[in-house]
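Could you build the full structure based on these sequences and the hints that come with them?
Listed below are the residues making up each chain.
There are 4 protein chains.
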Amino acid sequence: MISVGVVGGAGYIGGELLRILSGHPEVDITAVTSARLAGRRVDGSHPNLRGRVDLTYVAPERLPECDVLFLTGSMGTDADQRHAMVARAKHVYDLSPDLRLTDPDRYREFYGGHPAPELLGTATRGLPEADRAALRTADSVSVPGCMATAAILALRPLAVAGLLAPRVTVDGRVGSSGSGASAGEMNLHAERSGVLRVFAPLNHRHQAEIAQATGLDVRMTATGVDAVRGVQVLCRATASRDLTEADIRAAYRAAYAAEPFVRVVTYKRGNYRLPEPKILIGSNYCDVGFALDPDDGQLLLVGALDNLVKGGAGNAVQCLNIRMGWDESLGLDFPGLHPA
Amino acid sequence: MISVGVVGGAGYIGGELLRILSGHPEVDITAVTSARLAGRRVDGSHPNLRGRVDLTYVAPERLPECDVLFLTGSMGTDADQRHAMVARAKHVYDLSPDLRLTDPDRYREFYGGHPAPELLGTATRGLPEADRAALRTADSVSVPGCMATAAILALRPLAVAGLLAPRVTVDGRVGSSGSGASAGEMNLHAERSGVLRVFAPLNHRHQAEIAQATGLDVRMTATGVDAVRGVQVLCRATASRDLTEADIRAAYRAAYAAEPFVRVVTYKRGNYRLPEPKILIGSNYCDVGFALDPDDGQLLLVGALDNLVKGGAGNAVQCLNIRMGWDESLGLDFPGLHPA
Amino acid sequence: MISVGVVGGAGYIGGELLRILSGHPEVDITAVTSARLAGRRVDGSHPNLRGRVDLTYVAPERLPECDVLFLTGSMGTDADQRHAMVARAKHVYDLSPDLRLTDPDRYREFYGGHPAPELLGTATRGLPEADRAALRTADSVSVPGCMATAAILALRPLAVAGLLAPRVTVDGRVGSSGSGASAGEMNLHAERSGVLRVFAPLNHRHQAEIAQATGLDVRMTATGVDAVRGVQVLCRATASRDLTEADIRAAYRAAYAAEPFVRVVTYKRGNYRLPEPKILIGSNYCDVGFALDPDDGQLLLVGALDNLVKGGAGNAVQCLNIRMGWDESLGLDFPGLHPA
Amino acid sequence: MISVGVVGGAGYIGGELLRILSGHPEVDITAVTSARLAGRRVDGSHPNLRGRVDLTYVAPERLPECDVLFLTGSMGTDADQRHAMVARAKHVYDLSPDLRLTDPDRYREFYGGHPAPELLGTATRGLPEADRAALRTADSVSVPGCMATAAILALRPLAVAGLLAPRVTVDGRVGSSGSGASAGEMNLHAERSGVLRVFAPLNHRHQAEIAQATGLDVRMTATGVDAVRGVQVLCRATASRDLTEADIRAAYRAAYAAEPFVRVVTYKRGNYRLPEPKILIGSNYCDVGFALDPDDGQLLLVGALDNLVKGGAGNAVQCLNIRMGWDESLGLDFPGLHPA
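Here the protein sequences come in this chain order: Z, G, E and U. The opening residue of the first sequence carries number 5 in my numbering; numbering runs sequentially from there. The opening residue of the second sequence carries number 5 in my numbering; numbering runs sequentially from there. The opening residue of the third sequence carries number 5 in my numbering; numbering runs sequentially from there. The opening residue of the fourth sequence carries number 5 in my numbering; numbering runs sequentially from there.
Don't take each hint at face value.
Stated by the list, open to error - Taking beta-carbon pairs under 8 Å as the criterion, some of the chain E residues facing chain G (in silico):
| id | residue |
| --- | --- |
| 1 | R23 |
| 2 | G48 |
| 3 | R54 |
| 4 | S183 |
| 5 | G184 |
| 6 | R233 |
| 7 | F338 |
| 8 | P339 |
| 9 | G340 |
None of these hints come from the bench; they were simulated from the model. Only a predicted model underlies this, so the values are computations on that prediction, with no experimental measurement involved. Every residue gets a Cβ at the ideal spot worked out from N, C-alpha and C, and that includes glycine.
Here it is as structure tokens:
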């Protein structure tokens, strides 16, 4: 058994890691840190794990050595703390935005100053569908953002195949769990219920990550919707040449035919014709789909996923499975519910 | 025009008072206090009032004299502040629980020590359907709690007519706005969305108020549901003698035939057979209805209302309308929406 | 008093007309038709109107003469029935899509064959902010679509002022009431709850209407969201020249400073910085707002409204108020709720 | 591998059976029937199973022989069809209400005439926590109703221990999936969203089932709430003698200490102090909890579960696991999500 630690385990990504890891046959959860809840039971903040995990939070500075570490929060301004932590494990999976951008100027533009800019570019991106080969040997992995993951998976096969004109817009929609477990007044139920909150009208942070991954010229908007979990991205693009639906299907098939967690969803009838997060909650799937207007080459590419699973914890565990040579779907086999 | 002040205007009850009063033809909103937001625009925290009110919060200690004062918050431990405030107005409508119970022992049991117990019993209860005569001359009014209002209106006509055995249970359901605008982590959208949270499994505070108003032996449970507004109470009772549906209708009719804001809702078909808060949001109605099993005399009495309107701000304005001799529905004519 | 008839009164737009008209001081509801419910009480299908209207549905063929007629449904394939109906009233407000497009080719492209193509172009568009002068004398009015109204109001002042490059995309989001009261399996609660359903990935019908009204080259996508009411449109545009926020504000102000039902909503802080349907439910407002990236001239223009009010019934009544020379806000003064 | 057939696979219980069985290592889904969708792909109506099952619906009369049959729908008036079906399998799990009541008079009172009353009493009840011994050999199993299961699991240990006075009330709350996939207008999203619909004010059908299982004198009310999945029951009871919380815990512990799918949830702090369906969606848990007023012996017993899992499909599979001597949790190990 591989020993695993979760740093920042009281948050929503932390909880989801614990749910997945507690059902994973090859790992043993050795430590879960929380500065605020040290000494309290883990299932006190993650009630779905009652009877499933028997763990108590430890203070971050008391994190023991373990084989694998999952970091859920940003290092903030304290890079030393991160250094101390990652020194305690061989394999580190970082779910924060800290290492997602490789270009320091880009990082500064979207996030401000970085506490340890020398780290930028040192981690392997954790997107199995693009980075599987590198992930087999990577010991420092940076897991992409939730909306970025959906957009990259929807755009990248077509971008790589040269089928898209460079300019693309991305309209991201995300549920309230994306704001984390300690969010303030703006996430009160009475304020957040029923919203279509355009919290990033232009240049959402994930824009830089999608551009970096696809080489496209991306403009991104983001809206908070009335859901707890779920991400959907609508990517508007234009074909770079005459295209048919068959061309697009072929490009997706070439990229994803063997992928365990990407499905191409483009149906002519039914209630679920294009990717819909509603049926993905709890699962590690990212569904991608498209619509094409053959007359003028306009394209809508749609991606959907659960922001805490394929958009975070599940994707990280998939990366670990690859690194360890395990079946890639260990711990990740829940298919999602319908209806729910 | 009558000048009106709202103390604690930044909360949800405060905002609802402002919505109603800003559309009321006989009043002028003179001052709105907020300790936290003094100097800020009122429509900054109540965005539905943009273009409707042009007001700035003042600190509580700078409250000017006005004809009428609405108090939205409890006096907490500082009774002097309350005394200072109510001295500045002739008519005071208190929407807090401070003066709802008249018996100090009862108050202590349900709320703890009272900061000014000598005030208990000095205010007139603000329930027009029961207290209209007194409200015509009352200058200090205590507005009942939201779930209490629904339960009292459902139970009282039958209790007064002697149709009920003494023992009654009340199952209250309430939306998240009942927890106020400054609520904490337990009201985060991700935690509160989709809940059936039994936050008061036994002896909810409104139990004392319902008992006081009906003379019944009440047991009350309360559940937070996934709605922002809305209260529904299910009251289980037993007939004190052989009863027919006609008997119950007659008792309700005797009490409510002339009431502008109580409707008896007991239909045999359709989607809205019994009182349903969904269609009452924004309105000042309290719908009441019932079901009777003639074989064994078991009764279900149902009440529904919008907790911020008939369960708070609207009810208070109705009391003011009565006191001033105005049309009782001034400012309160919104019927509610279907569907919504 | 003006007598008014509502054709197709059992649907959601019909119900909303009845809600508004029943609180309108200058009109008298003479007749409400429903082929399916003839003989049944109106408040049986619109329970929010219990105690407010005392009306019974009549069969469409028994519609009496009235001064004003509101048509809520498409004429389908039977243009004669429409002719017979409109002959019974002097003023006709058509809320269906039948007469929204003036170009028969466009109509055919987006809707298929028209049952009475000679009628296209004969009605005055019912958008007060653009058409007030014409509406003062128009007797046949075609009320725009819900998402089209929001997009036109967000785009038109800037388009008219020549501030926008021609190519614009519109991302519309709409609640389930937009699908009507007789919708099928796809609108079951279990299927529709929690969705982000991209029901029109490209070329939504309202695209043609927005293009016609703004002269822009529009591409429109539409998504059904988990709300009963509410429309929000996100319009992506590019400035045609160097622009500042002040330029855009000036253009909006020139168009809307005197408008009773359009607010420009672009705030730097708070939870409601851009137009949000959540706080507009039940109101006749259309809020518009924007974000500008001055570096590259990209613009996000946002519009929001209640699809059944400013996106339908309320807008129609506003047109009627203009035609009759009444205060434009008669029957339409509800400000919306916060929170709700 | 055991071969399994699902009769009525297009409904919500059918879909849930397919989700669970498709992840079950010991069974092979041989046939799924649907009269309406014969010849269509199963994942067309259960989109969460895309890439998981490769099955096509067959007409009911073409059901092949299989080892195990799950029946999801009532036999209606055609008992012969049922006889023909069950003849094709050795083991039959009936999820309809047909065989839940053993007393024909009771059945008639709550459901009307039975098409094959001679079958009443012939099936073993499928409640593992009460019936495990019988289920090890039973070949005809009747799975209890969703709300009944929650109530029986909350009440039965205390009733069996003689701790309850006979009279109990049950207040059931249930999501829209309980109404099935082919429900009508009353389940339209616009009508069902946000409801607190008291659809059974007295004597809900599950009342008979709970009484039969506990020996108590039950009165049951049911409300549809704004959720797709989830059941919660609030059972009001009175202690038959002086009781402490420890007594109740002891009774629950005696019943459930070794149960894999029942947790006793009664906490003093946190957001999930009592059983809450929100965190049980997709899981096979039934959480039970309680509150006691030691002064007067009033008790609130709370049960919660996912109506399609422990309240239906999951419970049926648990019964099958028992019958086959497999690990009882095969296919049923999903813990539920938090938040969601």
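Comparing the hints with the structure gives:
The interface hint given for R23(E) is met, as the beta carbon of that residue sits about 6 Å from the closest beta carbon of chain G, less than 8 Å. For G48(E), the interface hint holds, since its Cβ comes within 8 Å of a Cβ in chain G; the closest pair sits about 6 Å apart. A least Cβ separation of about 6 Å between R54(E) and chain G falls short of the 8 Å threshold, and the interface hint therefore holds. The beta carbon of S183(E) comes no nearer than 11 Å to any beta carbon in chain G, farther than 8 Å, and the hint placing it at the interface is violated.
For G184(E), the interface hint is violated, since its Cβ never comes within 8 Å of a Cβ in chain G; the closest pair sits about 11 Å apart. The interface hint given for R233(E) holds, since its Cβ lies 6 Å from the closest Cβ of chain G, which is under the 8 Å cut-off. At about 6 Å, the closest approach between the beta carbon of F338(E) and any beta carbon in chain G falls short of 8 Å, and the interface hint on this residue holds. Among the interface hints, the one on P339(E) holds; its C-beta lies about 5 Å from the nearest C-beta in chain G, closer than the 8 Å criterion.
With a cut of 8 Å, the hint placing G340(E) at the interface with chain G holds, because the nearest CB-to-CB distance is about 4 Å.
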